Amino acid sequence: MGELLDRCDTSGVASLNLSALVPEPRVNGAIAPEPALEPLLVMEHVAKSFGVVRALGDGSLELYRGETHALVGENGAGKSTMVKILAGVYQPDEGTLRIDGHEAVLASPAAARDAGIAVIYQEPSLFPDLTVAENVFIGRPLLRSGRRIDRRAMHRRVLELLEPLGVRLDPERIARGLSIADQQIVEIAKALSLEARVIVMDEPTAALSAYEVQRLFRVVETLRAAGAAVLFISHRLNEVFAICQRVTVMRDGQRVLSRPLEGLGPDDLVRAMVGRDVVEREQTGESQRGDVVLKAERLTREGVFTDISFEVRSGEIVALAGLVGSGRSEVARAIFGIDRYDAGAVHIAGARLKKGVPAAAMAAGVGLVPEDRRLQGLVMELSIEGNIAMASLGRLQRFGFVRRAAEHRFASDWATRLRIRYLRLTSPVSTLSGGNQQKSVLAKWLSRRPRLLIIDEPTRGIDVATKSEVHRLLVELAQEGVAVLMISSELPEVLRVADRVLVMREGRLVAEFSHQEASEESIVAAATGQAEMFTS
Amino acid sequence: MTTALGSFEEANGEVTSSSRRLADLVFKIREFGIIAVLAIFVIVTASIQSRFIDSQNIKFIFTNATIYALLALGETMVVVARNIDLSVGSVLGLSAYLSADMFNRAHGIPIVAVFAVGLAIGLACGVVNGAIVTLGRVPSLVVTLATLYVIRGLDIILVGGGMVVASSLPNSFLAIASASAGPVPYLAMVVAVVIGLGAYYLRSFRSGRELYAIGSNPDAAVLAGIPIGKRVFTAFVVSGGIAGIAGVLWAANYGTIDSTAGTGYELQVVAAVVVGGVAIFGGSGTVVGAAFGALLLATITQALYVLGISSFWDGAIAGLLLIAAISMDHGIAVSLTAALRKRSLQRGT
Amino acid sequence: MGPETAVSQSGPEPAASTPPPVGSPPRLVALSGAERLRSLVRWESALVIALAATVVFGVSVSSQFLTGSNIFNIGLANGEVAIMALPMTLIIIAGEIDLSIASTLGLSSSLLGYLWLHGWPMPAIIVFVLFIGVVLGAFNGILVTRLGLPSLAVTIGTMTLYAGMAEIVLGSTIVSNFPTGYTTIGVNAFPHTDLSYSAVFFLVLAIIFGAVMHATPFGRSLFAIGWNKEAAQYAGIRVKRTKTILYMVSGLIGALAGILYTFRLSTAEFDNGSGLVLSVVAIVLLGGVSIFGGKGTLFGVFLAVVVFCSLQNALLLTNFPEDATGIVTGGLLLVSVLLPNGGDLIRRIRSRRSRSRLSSGS
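Chains as they are written, first to last, in numbering that gives the first Met the number 0: chain X, 0 to 535; chain D, 0 to 348; chain A, 0 to 361.
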């Protein structure tokens, strides 16, 4: 689904005069060649399955030198599997990989590195106790006499690598505490020091501020101009159009489209990704708006969010929109009690909620479906029924002992109600697909009959069919009188389902729209602070 | 040229940042903190009981500290890579007995050969530890706990009810531990040099730095192609070998060795290492710091003795120090990370 | 409710084909519930076989092995260690460890002797000592949960600290004039049975702990915490409170063990109990509890206790030097952790060989 189109200063980037920025684009000493006729890297009909799950059916790609190539697709379309194959972490079941025309087998991350492929992940993993220079040269430090590490040479080389990227970092600084953006730069420097020719960036901008995104764009452009092939994976179509020349669209594990971006618009890409036209706003039924269930009053947590006040009534679906990093999940967690807050109060149905104690929130009828279902929402190795019943064991016990049969029935009921597809309720929940896992998390909370359901990114990483199921479920919940607070980065979802949209930016609530007032442009404008550029 | 925030400086093609300076400062404070505590202890104790700093007491301190410091060298290498070696006490005991017993079995055997025997025993134990940890993928806590038991049991069986007595050992051997230049035993000086070499190795050689990498982020170490198995294995072998040598030195120092030699040493060594600034989960810390930790613990023990406080307080104080050191280091790590992150963000926007 | 369809999705994260680094928890391959049950049953079956083998060994060494008085001896010699294995099981399953429990035993023993020497009435002493045990455990709990310190390091510290405090309290004094009403537990079996008092305590506590662990929400929460602390928090489980409770229970049991130990030996000495903690950890791991947390059964630990105690006893009957029985403990410990990884190891060697064949083909 088309993601939140957070528009950065696109005009600025497009008009950047690179030759003024970098005198002579160099990578590995060579001056940027013209885009070659032969692709540098080719993936041909690569397939990969994990047990019954076919993550990649027909992964194909051609990368040329000197281009920034976008790889787009919904969650689950197979992009990250392709990346892991390029990184040497997975080996394909079928298909071939060719580098410079020769067939290549990337049996391990080391092999991928030797082949000149570098992958920069969304959250790079550096060695926090080692210096930047040591991180760049890890495993292959520069040596001087007697096989001793030559720190001065490494220091100087790192400065050399960083200079054309236009970034200042102290090579002797330990990596601990570096911002994600800086960590990515260190990874890029490492890639360059390894003479990487293919640089894969997997959703690099998700955790970056606007300034850092701009900086990254400049770096990518430098790399491209110097002859590297950059594979840029992103959900943010405006970024794709800003810096990429060609695009490959994946859908359901297959390549759907590979062509230059020239002549394409975002809607075309979305259509290719989704396979159908972007659905216009759905009319949600008029639901009964009841009493105020959640009242957040001037919630503040230093450095994270400030002065957040809003209400959610029973029967309402309120969406909390905003860019990554605007503080939405943190507000949700603070309300639920996982995180603390420094000032303000939370009231549930008029009663003040004790802060910092999830059990108290649960007792007051609040449920939180967290952002990361694998790490926060589920205990992956625990059975499906164990997960579904986890928050309700109090009700399933007698004299302090859990009644197994009752637990099984309970889980089975809810699994049926939510149409969760499983083989055996006693299997670990990790055996379920993403959509069914999310439904298990939902079952866990819905089975408690909450009066307030907070749900963070309800349909992230879920297939299309399950997405609509989840949306329908939320609407039904609201009709039954539950108050729903939904955090979402997917604008179409927000527009389709929400009665009201609150927008956060950099820790503050900056806008509120009713269902009628809300539009993609207005939400995006508020989220990025460009409200003045658009008329209401 | 400095930036507007004054955080960056450049000179002679080299760059320093306030972040680096902050981190360096914190680490230096931590290291020198031990020395400061040490100094305070010595001064306070000496002012109460002036004979604390006579050459006899100082010699005791150095002698006790030397063996622990040596063990701390090997232990640091292991801990820095996010492992632990709890078997060093048992290895020391086994080596002490078997090597000293050589003098009884092979009369006139050169001292060097005895050291070789001790070293061999230690290396063999280290190989077993290292192999099980790396090949068997078993956590080192469990492995070295087990080998602590097994090696001690072997020791007991071999020793039977007997012991090696000092009178059966050649004077030249016993002199190794006792010979000194005034209050400072030659042995302490030698060990200090060895520790210096160890520190240099860990700082300036690739395999040394990779131990830190393994402890700092094991997953990234795998992806970076660091030969984790080899490095960790080597660390255990070295730790074992050092414990073996320490056993021989122990025998030279005490002269009388039975099956209880070295019992409990592993805890003292871990305490010394942690107090000396090595993070229990690896990634940071230095052997010099660990050596000072050993020196501090030995000093405290001797100070308590001199002050007439019963030796029964030793264990409790060591435990308190350990807890204090861990708490402090944790606090430092958390604040340092936050401070560094803040600086990073400030520069960024 | 049909079988899973392979719909496109962000696939489940299978075990990565790069091996996990040394010392880190193995990336867990998704096993079905039936497979996991099978693996647990396999472990417990192995223990039963080991027990049978031990019994055979024991009987072959001495015809007295299975007599009532020998069974009494078995329980007597290791009763305290067995009891301490129970809270240790819970703590390890919750992903932590408590190396200080045996030092709590020692300190309790010292306190018992000290207070008796100073004329306190025994019932009051017992209550007080148990209370102190809880306090010692709470101290551990606070350091681990409030300060967030790693339990391995913390409990090495408190282990040393408590042992040191035991030394301070009692010094070199040895107290041994305890009333025979209490020290009888070191001489006589529990009435109408062949079991020692400590063995009976163990049995009763084992049932309680087993019930809590496997059939109550609290017990479930331990597994959840051990597997995934964050998800447990998000489900409303009060992780900090739970862990603190675990450590307090551990302290209480350690104190109880200290009381039993002292009366059994009819002696209070400052170093009572030193060295026992490693046996406790060995027994728990031998029982199939994963050192990484989240996995294990109390029945397995129960079997491990029986195997361990019987084996010790059988060895002693062969005139094996008592101090050297540590070899057996250590050996059992190694076996119990190598065995599960053994299959893994073989698989890894095979896959590495096939992969190198693949890449050499290009």
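It is worth saying that the hints were derived from the structure and are not from the lab.
Here the structure is a predicted model, which means the values were calculated and not measured.
Among these hints, one or two may not hold up.
To be verified - Derived pair list, reagent style DSBU-like, types lysine-lysine, alpha-carbon separation capped at 35 Å:
#1 X:K294 x A:K239
#2 A:K239 x D:K341
#3 A:K239 x A:K228
#4 X:K353 x A:K228
#5 X:K354 x X:K466
#6 X:K354 x X:K294
#7 D:K229 x A:K239
#8 D:K341 x X:K353
#9 D:K341 x D:K58
#10 X:K353 x A:K239
#11 D:K58 x D:K27
#12 A:K228 x X:K294
#13 D:K27 x D:K229
#14 X:K294 x D:K58
#15 A:K228 x X:K466
To be verified - Here are the computed distance ranges between Cβ atoms for each label pair:
#16 D:V36 x X:E162: 38 to 46 Å
#17 X:R297 x D:I308: 51 to 59 Å
#18 X:E162 x A:F291: 42 to 50 Å
#19 X:A358 x D:A35: 41 to 49 Å
#20 D:V25 x X:R297: 34 to 42 Å
#21 D:A115 x A:P178: 40 to 48 Å
#22 A:A137 x X:R418: 44 to 52 Å
#23 X:S257 x A:F291: 54 to 62 Å
#24 D:S46 x A:L316: 58 to 66 Å
#25 D:V25 x X:E194: 34 to 42 Å
To be verified - Over 10 Å on every C-beta distance to chain A, these chain D residues come out as not near it, computed from the model:
#26 R104
#27 P182
#28 G207
#29 W312
Every residue gets a Cβ at the ideal spot worked out from N, C-alpha and C, and that includes glycine.
Status of the hints after comparison with the structure:
1. X:K294 x A:K239: With a Cα-Cα distance of about 28 Å, the restraint between K294 (chain X) and K239 (chain A) holds, given a limit of 35 Å.
2. A:K239 x D:K341: holds, 28 Å
3. A:K239 x A:K228: holds, 10 Å
4. X:K353 x A:K228: holds, 22 Å
5. X:K354 x X:K466: holds, 32 Å
6. X:K354 x X:K294: holds, 14 Å
7. D:K229 x A:K239: violated, 38 Å
8. D:K341 x X:K353: Since the Cα atoms of K341 (chain D) and K353 (chain X) sit roughly 30 Å apart, the hinted pair holds (cutoff 35 Å).
9. D:K341 x D:K58: Status violated; Cα separation ~48 Å.
10. X:K353 x A:K239: holds, 17 Å
11. D:K58 x D:K27: holds, 28 Å
12. A:K228 x X:K294: At roughly 29 Å apart (the allowed maximum being 35 Å), K294 (chain X) and K228 (chain A) satisfy the hint.
13. D:K27 x D:K229: Holds, at roughly 31 Å.
14. X:K294 x D:K58: violated, 71 Å
15. A:K228 x X:K466: holds, 28 Å
16. D:V36 x X:E162: 38 to 46 Å: Holds - the Cβ-Cβ distance for V36 (chain D) and E162 (chain X), about 44 Å, lies within 38 to 46 Å.
17. X:R297 x D:I308: 51 to 59 Å: Between R297 (chain X) and I308 (chain D), where Cβ atoms are some 56 Å apart, the hint holds.
18. X:E162 x A:F291: 42 to 50 Å: holds, 45 Å
19. X:A358 x D:A35: 41 to 49 Å: holds, 45 Å
20. D:V25 x X:R297: 34 to 42 Å: Taking Cβ atoms as reference, V25 (chain D) and R297 (chain X) lie about 36 Å apart, which means the hint holds.
21. D:A115 x A:P178: 40 to 48 Å: Since A115 (chain D) and P178 (chain A) have Cβ atoms about 58 Å apart, the given range 40 to 48 Å is violated.
22. A:A137 x X:R418: 44 to 52 Å: With Cβ atoms ~47 Å apart, the hint holds.
23. X:S257 x A:F291: 54 to 62 Å: Once the Cβ atoms are compared, 44 Å apart, the range 54 to 62 Å for F291 (chain A) and S257 (chain X) is violated.
24. D:S46 x A:L316: 58 to 66 Å: holds, 60 Å
25. D:V25 x X:E194: 34 to 42 Å: holds, 36 Å
26. R104: Non-interface label stands for R104 (chain D): nearest chain A Cβ at 22 Å, farther than 10 Å.
27. P182: holds, 28 Å
28. G207: holds, 17 Å
29. W312: violated, 6 Å
In summary, the numbered hints that this structure violates are 7, 9, 14, 21, 23 and 29.
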